[in-house]
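Use these hints to put chains P and E onto chain U, whose structure you have.
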Amino acid sequence: MAQDREIQGESATMTVLEVMLIFILLLIAPFSFALIEYYRKKDAQQLDINQNYSKDPAYFGNSFMKLLNKSLEHVAERKEGLMEIEISSKKKERLLFFSKGSIIGKDYGDYIVVIDGYSKIEEGDKFISRKEVISFGNLIIRIHTKVRALLVKGGLRVEKPLEITRWMHVEGDCYIMNNSDLGINCYCKGMLYIKAGCSFKRIFAKSIIVGMKREEETLHNDPVYIKGTLRSKEGLNLKVYGRETIIEGNVISDGDIIVEGSVWIKGNIVSNNCVTLMRGCVVGEYGKIKSVVGKKGVKIVSNAKIYGYIHTDGEGVIEV
Amino acid sequence: MKSMGLGVGYSRSFERRVIHYARHGRILNVNKLLVFFQIVICFIISLVFILNIESISHVFVSHAIYLIKDVSVENKEITNSIRVFYIKYDGRFPSIYEVIIYIFSSVVGIFLAKRIKFISQHIIIYIQFLFFILLCSSMFFYFIPYKFPYDSTTFSVLYILTQVLIFSFIPAVLGLSLALFNVSLTLFLTNFIVIGIALIYSFVFGVVRYVVMLFILNKFSYIWMANLFFNLGPLLDMIYISGVYSIYISIISDRYRKFTVYWRWIY
Amino acid sequence: MDILIFLLKVYMFFLMFMIMLYIVRHFVFTYNRICGEQRTSYHDVMDNDLPFVSVFIPMHNEEKVANYILDALVEQVYPKNMMEIIPINDHSNDRTKDILDDYASKYSYIKPLHRLGDEPRGKPYALNDALKVAKGEIIVIYDADYIPPKGQLRELVINFIDPEVGAVMGRVVPINTPRNLLTRLLDLERSGGYQVDQQARYNLDLIPQYGGTVGGFRKSLILDFGGFDPRVLAEDTDLTFKIYLADYRVVYVNKAECYEEAPESWSVRARQIRRWSRGHNQVLFKHILPLLRSENLSFWQKVDGILLLFIYMVPFLMLLGFLDALILFFSGEMEIFPSFLALSFIMAYNSFGNFAPFFQIGVAGFLDGVSQRLRLLPLFYFVFLFNLWYTSLGFIDALTDLITRRRAEWHKTERFRENQRR
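Residue numbers (the numbering used here), protein chains in the order written: chain U, 44 to 363; chain P, 69 to 335; chain E, -17 to 404.
Bound-form chain U, shown alone:
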């Protein structure tokens, strides 16, 4: 084995003690940030869990209404015009009050628009608000409207395109007669009739009726009953014409689910991919809440009726 003596060591620049000290410092240094955080406790709190959270499709509307009502408690008289209120503990908001009647469509900027009764938005080119719009009565929209959020304490009829950025909350029935974007969360306490193309993420209503009404109570002769849940790892394609098929259970798949024709699914439809409902299918039953959940998308084509809830983390599209 070659053992060449290469370099004669020069005099060390440090003593043994100094080297030991440096070693100890280098050993401790990686712990220093850990110890600083341990003693400072800058990020020591438990992960925050909202103990009051429960799934509630009316959450946005209800919580906003609570805040607004609290702020308006101190307002002696609601009269038309501008007002400044404190809507939350940190924010002051500007409110624009309208009494019932006809509202002119224009760009209302950063004002929260409050309409105090039955009204129509029908004059002007476009109605725009970058904040919430609240109507304490029925509301008819007859011009192109774009708002961040819409809360209607009565019924809503939309005859021109409506664009919601965040949420909408309607306490009566709702009629969408023109192409609209229903925002991230659309809640309707009554019936929701959709007769035009729409995009959405979440819709909740007593019944969601797309296109022409289909009377599910009228059964054709000799329907086929399937009792139980249809479960598939691959996709599921249910296409029925001529003879009614009633599934008394859920339809679940890891792949796409396509339901077309005279199919009545009394349970839920859940897919890890996309759900397509076409031409006459019904999900759920009157008086009950059932869901259509398509992780990557939900598409409703032509006629369909859903009693309850539609949810997607992808794109929700309605084509009539």
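Since the hints were derived computationally from the structure, they do not count as laboratory data.
Errors might be hidden in some of the hints.
[To be verified] Taking lysine to any residue pairs in the SDA-like style, the calculated list, with each CA pair at most 25 angstroms apart, reads:
no. : chain 1 : residue 1 : chain 2 : residue 2
1   : P       : K182      : P       : I171
2   : U       : K331      : E       : K132
3   : U       : K85       : P       : F327
4   : U       : K276      : U       : G357
5   : U       : K98       : E       : E66
6   : P       : K100      : P       : Y335
[Unchecked claim] Over 12 angstroms on every C-beta distance to chain U, these chain E residues come out as not near it, computed from the model:
no. : residue
7   : D206
8   : R213
9   : I309
Since the structure is predicted, the reported quantities are computational estimates derived from the model, not experimental observations.
For glycine and all other residues, C-beta sits at the position ideal for the given N, C-alpha and C.
Same frame as chain U, but now just chains P and E:
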């Protein structure tokens, strides 16, 4: 408590749908190409270290000699083509009195450590482990000291080889761990800076540790060699590697959680 | 002697291979969680046809925490006519019985089960007795120190609309994180284990574990299995494997987060890991062959199942690895290749952060949106040996149980919360 559910954030421009993704389903918009490149480059760096043992050991040792007096740098051939440079610094065997003292203090240390109330249990186990290794070593030197198979040369060569292995592990370990955060070119580049910092720290730490170990073997005898390998070895390197990683991740976590463009929801 | 040295080296390489396997596994999970497609559970489904659920809360001397869990369950939005709460008073000799009777007098759906006689004590026995009286088709279990949010019961139970689902598991979050170093480190470890590990296993259709609390299962299924096996300390892991072997699966609900109380002292933590290790290794001995022979599991599920079963045995193997390396060292076998040193590095890499490697904890923290607490990672260095030791002791306990057919005695984890009187 504020809600961590699907909260709705407020954007300056109301047209943009801004949702602050909840923690149960959010994922990063990782650039898979950058991930791939980072892993490949890091493994290439690791390979370069392994294939250059000789030059690395030379650089290593030429820095170490500044910390220690009256030594020489020698080299030893470990395979046909590879030589490892090391510092020639003799250690020594323990005397019988030293061995007996070490046996006695190890036994006492193992049993007494448990009785120390102000030290947490997890530290006590660590102390007991140190004493256990010392006890094994002491027993060996008591019964069959002539069979001790190492000297300072073999120790040095082994240490240098291990150090090169650690150098090559660092880009691999950190490369794999940090590649997961490659959402932008900036992060891709800063990842390499972090790996560089870890390598520099490893080099400096390795040099100082080497010299300290040589001192210990010279002043306190070969009885400590087992502990040097088992407790001052690669397990220790994990401390600064995880330290560097944790500091870096804590900084980018703070910054990047606010940028929704780097996140998406469930798929 | 040569043969011995050879065998020791073979063992060393075998151990390195095994640890590399776990590193690859953890890395795949971490990568999948941070940027892969996430499989969601059924929590987005809204359905008002909910099944009747029985909530079990095993309790032994839980006067410090009983009020918290019961208050939280009373607040649940689950329809009260579709649920019952059965706190199981298992031979308590503190005020637990009085507290439970007080709640029962106020709420008709709280029906305590008092086990005070000569029946054997322990969680499996308590659960089996509760199964006899439970009316629910779905059973949800909470440990007494948990505090479920209002909507959690619904979030867990809705998953059973899928007939393939045998059990469901939520995420556990320590509530006493700020208390001391141990609780802070456990918080990080929990994050890694749930946010990354469990979710990734669910995403990849492997075997997410049912953890015995913040979780539920079908009553019919557990009755088919003959109830909980009282010989096994880890009844949750036992149930997980029984479920998969019976061609059902476990759904992991990352959204269903629930507070728990992490151990606040190292001695309590030591007993906890030792018990977990003992129980888990009992499950290993029981299910390893059926797992290998099962026709209901895919290849990758079997691989994951095997790695999961061995996870509490690996620390014992590592301890043997240390001894192995010590022998090799004193035999002069470190000359050619510093294998032990490479091994110890790999071991540290994998085990640092203990049951979740450091990069898994880092990613979990990143996803949770925390930052500064990640700087505590180097402190896991001191916990590595602690975990190794007590997990190994648990394995030895399990081995002794197997050989001597000894029955395990149930010891519950000590609580630290002060009781809050209503």
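We went through each hint and held it up to the structure:
{"no.": "1", "hint": "P:K182 / P:I171", "in the structure": "holds (18 angstroms)"}
{"no.": "2", "hint": "U:K331 / E:K132", "in the structure": "holds (22 angstroms)"}
{"no.": "3", "hint": "U:K85 / P:F327", "in the structure": "holds (22 angstroms)"}
{"no.": "4", "hint": "U:K276 / U:G357", "in the structure": "holds (20 angstroms)"}
{"no.": "5", "hint": "U:K98 / E:E66", "in the structure": "holds (21 angstroms)"}
{"no.": "6", "hint": "P:K100 / P:Y335", "in the structure": "holds (14 angstroms)"}
{"no.": "7", "hint": "D206", "in the structure": "holds (19 angstroms)"}
{"no.": "8", "hint": "R213", "in the structure": "holds (34 angstroms)"}
{"no.": "9", "hint": "I309", "in the structure": "holds (27 angstroms)"}
Hint compliance for this structure: no hint is broken.
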